[in-house]
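Chemist: Protein chains in written order, with this note's numbering: chain V, 1 to 251; chain Y, 1001 to 1196.
No wet-lab data here; the hints were simulated from the structure. Bear in mind that the values here come from a model prediction, so they are computed numbers and not experimental data. Note that CB positions come from ideal geometry on N, CA and C, so glycine has one too. Errors might be hidden in some of the hints.
As the list claims (entries may be wrong) - A short, non-exhaustive set of chain Y residues, derived as facing chain V with CB atoms under 7 Å: (1) L1033; (2) Y1130; (3) Y1139.
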Amino acid sequence: MNEQALSQELHRVADAAPVPADLFLPGLLEGLGARPALRRRRSGWLVAAAVAAAVLLIFLVTPPGNRLVSAAGDLVLRITVKREGTDVPKQDYAPLRWPLAIGESTDQVVNGRKMVLTRMHRQDWPADLPLPALNPPGDLATIYRQQGFDASTGKLLFTTWEIHWDGFQLSYRRYPKPRPPETMGGGYLVVPANSEVQEETVTLKGQPATAVRAGELWLIQWQHADGAGLISGRVDLDILVKVAESLPELK
Amino acid sequence: MATASDLQPACGDEASFRTLVEPCLGPAYRVALLILLDRDLARDAVQEALLRAYRGLGKLRAGSNFGAWFNRLAVNEARRLAGRRQRQPVLLEQLPEIATAPWESPEEHLLAREDRTRLWAALAELDELYRTVLVLRYYQGLTDTEIAEALAIPPGTVKSRLHAARQRLHDRLTRGDGAMSWGDRLRKLVPGRVSR
């Protein structure tokens, strides 16, 4: 029977194929279970992709003249909200591959920039960037590196390190030295036209900071010596501030 | 095999869910691999099926076969990804090397290898619609009724789709080589193990 031969060949190839060990990613289902004390129920990778997109967007445009000057200096950036279809043209993004296994990458080109997102090993996190106190420590955290390139020249424009844990996301962006002056201003957060947005001023390490809520997501951004920091989470703002406050000082 | 009576502890508990679903991951990955002919996409399909399974556990009827249900999710995710993919199947570059049978001369071994490559190229050319029914029948050994349930189509459609799939595969395998039937070509792939 020729059907038998076909069956044997399908088995020969498929049964010999190694099954990836990381099909069940730790934390893959994080966010799907109900933990009402900390966050509302949400749908896994869609939310994760939305968080990544928000961070992508907020760093896309960093015009000068948008900084909130504090008494101690230019520590805090102001986040300006722009609505798609009203303040900026509707964005057209290619879907990101998600979720990623460790070592895998996904990329998209937005506004002339190629953004490459790679899931990294935990030990790859730069030693000089502060990490939050995780509870439980570590296991459910996932690390990503996002690199932005000029799509036409291939020149590296910035590198962002992100850690995602328990509904929070913390990222640090670094620019090549010397830091381009156009990156010194605040960022724009582009949101869909009908998004509910709220802005608050909070105190972060003794400095005023602008926090923006888009939907269920709160974001706070600040500036450090050679880049910018951003923390976000689908939690009440006071919880997010406490997490940000728990970060060790930048070295 | 896990049934829906095992499912309650898994709802909302990643560790319990993992225990339940882990035995299903390998079979689901392999069937997705055969449908997609792409290891990366097959992994994506299984991970998407995982998310859907976790979300849909509560809707599964008591006594349902969890493994069959998860297999359906993986097949449907694989089909969805196949429809969206932008690159060609890449499994041809990843075919495992075939051990030489003791009765094969080096020339025969080379011919068998070429024939296998040709078969996989023909499978890759098939529309995902047809490749899926071939995989479910000839890899998973499902009946018409089981395939109909997996794909949510009438059993009559399964029969006609299987017939069309075999015909298309035949056409591709005999294209430019009219002297050899697809059955003869397939028999060459597994010498001595095919009843005539």
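Chemist: Hints first: check each against the structure and report whether it holds.
Modeler: Taking the hints in turn, this is what the structure says about them:
1. L1033: With a minimum Cβ separation of about 6 Å from chain V (threshold 7 Å), the hint on L1033 (chain Y) holds.
2. Y1130: 13 Å, violated
3. Y1139: Holds: closest Cβ of chain V sits about 4 Å from Y1139 (chain Y), inside 7 Å.
Consistency note: the structure conflicts with earlier hint 2 alone.
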